[in-house]
Amino acid sequence: MISLAGRDILHSFGKFVFTGFGLGLLIGVTLVMAGVYRGMVDDGKALLDNSGADLWVVQKDTLGPYAEPSSLADDAYRSLLAMPGVARVANITYLTMQVRRQGRDVRAMVVGIAPGESWASPGWPPYLVAGRHLTRGHYEAVADLASGFRIGDEMEIRRHRFRVVGLTRRMVSSSGDPMLFIPLKDAQEAQFLKDNDAIWRGRRRTAGNPTFNRPGDAGVLAAVNDAQSSSNSVNAVLVQLAPGVDAESVAATIRRWQRYTVHTRTQMEEILVGKLIATSARQIGLFLAILAVVSAAIVAFIIYTLTMDKIREIAVLKLIGTRNRTIAAMILQQALALGAIGFAVGRITATWAGPMFPKYVLLVPADSVIGFFAVMAICALASVVAIRMALQVDPAEAIGG
Amino acid sequence: MGGTGIRIEGLRKRYGSGDTAVDALKGVDMHVAPGEVVGLIGPSGSGKSTLLKCLGAVIDPTAGRMTLGDEVIYDDGWRVRDLRALRRDKIGFVFQAPYLIPFLDVTDNVALLPMLAGVPNAEARDRARELLAALDVGHRARAQPSQLSGGEQQRVAIARGLVNRPPVILADEPTAPLDSERAMAVVHILNEMARRYETAIIVVTHDEKIIPTFKRIYQIRDGVTHEQVAKSSPVAAVALAQHAPSNGVLPGSVSGSPR
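Protein sequences appear in the order of chains Z and S.
Positions 69 to 469 (our numbering) are the ones given, in order, by the first sequence.
Positions 1118 to 1376 (our numbering) are the ones given, in order, by the second sequence.
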């Protein structure tokens, strides 16, 4: 038996392909939306992976350093380094801000890392694609490629200018902003230090306070002013454990004896994926649901119209003895073929357009497989209306009168 | 075909019920022998289409009896379980317009019926090609229906009606869209096919040009048939002879024996 659906498709190939192309663009948008969500999750995991940490030690009772503000003293790492099972520790600061580049702003996450230490320290970019790591204590930067910076470019962060000495890749915040690594001291200054006017006003207020400005005891005022204009806070201490050490037991020890909040890798993933991007995920999920309904409606309309165009032929087919299931199969196969064309166009479109999006779009093969079967299911469902109409066609319509 | 062709006795069809009931057929009697072509004429609303639909097993008669060959297919109720198979295997249809399937080529339009009956594709196509050659459209076997002239399309439609070698063919105004030359050619083909395959053919028509070509005519009026034996028409006989297919090979070109 010949394929009636196949012959019909070949007969009106142009119409079919153009319709499939239109549907494909819609499917492409759907795949990109799914890719945006996957990209957000992947950004979060990349952030954790690239930090190289097994534990995140943060301010007590906070979900820092990515989901909530966290501040702890920059000498806390010394006592953590002494804990059993701890191999390496590193202070780190994170600050998402607008960085000026050649008169334009670049949204970036500025990460403060302690220079001069081994590049294997937690928090450092694990690899560079060009240039070198930070070696000086001030005014150098390593930038993610996505920031648009190149080796030798200069950027302004607060009051200081930094020169890009190295480039890295896939170092992004959980919201997809590219990272800029600068020396820890500069980052602390950028994040915690007040501007000059605020410092000046603070000094006047302190000088006006007799508790700090005692006659004959100038050292007190100097000490207080010095404390106000320097920063010794970091957002977190990243901890790398010795091989084979159980993260949860070390975390429990730190919580018990150091009275910090400690997040393991699993907990951090839960914070990033389950809390930080949960709202975005719901939003994208709703979009996907709406797009699925719109796709189904469009496919149903197209298949219904294509079937309407063939009412007389269907009546003739029924009159000459074609079984209902053959006619239903013809319509179903056309709907599935339309879905297959649409999916192929959509997948190609998503692959082509994904990199153009400002945020990372990750097209996961498993999503494509699920998407393909979802499209097929939607098309099959959408063909029900047309099949129902075709089966109701009276073969007597082929006979005049 | 063995038996008596198609025989209809006291066929009735009522639409609706109660006060609004309409008797479209009030007891139709009809008999068409194998190899015979009869005309069915009548004014609009007389019941021609209703009769054709009853004969074609697409609507249910209200009462009566229909015999196809030796088989009683209706006797105050259908005696065949699968009406679809009945239409496919035992009744051929030729419509007012050819109604060819636009997305199938000429061969497959004809071969579709045997394929639906389970005949292998190659065999079905062979059968279709033989018939198309017999009807003088063999050279258009690969063409799409839209590439054919009206007369060619109608000949392909006739081939489709004949391809399963049905004992009866119902032709619903088959010459309506054709000019008189092509109309006479179609009538000639129907006569030749009826003779060759011993098929009983009922032609519903309003076409006054072809009416004289029938030896027997049933006139239907107010749901009742009246048989007329047509007078011999020398003009029609000459016209039919003139409009035989140009290749002149129509009868002898089809192999195989009729059912």
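Keep in mind the hints are simulated off the structure, nothing from the lab.
Glycine included, C-beta positions come from ideal geometry on N, C-alpha and C.
One thing to keep in mind: the hints can contain errors.
Covered by chain S, according to a simulated footprint, are these stretches of chain Z (three or more residues, beta-carbon under 8 Å) [stated by the list, open to error]: (1) 70-84; (2) 153-159; (3) 385-395.
Verification of the supplied hints:
no.	hint	result
1	70-84	holds (count 7)
2	153-159	violated (count 0)
3	385-395	holds (count 8)
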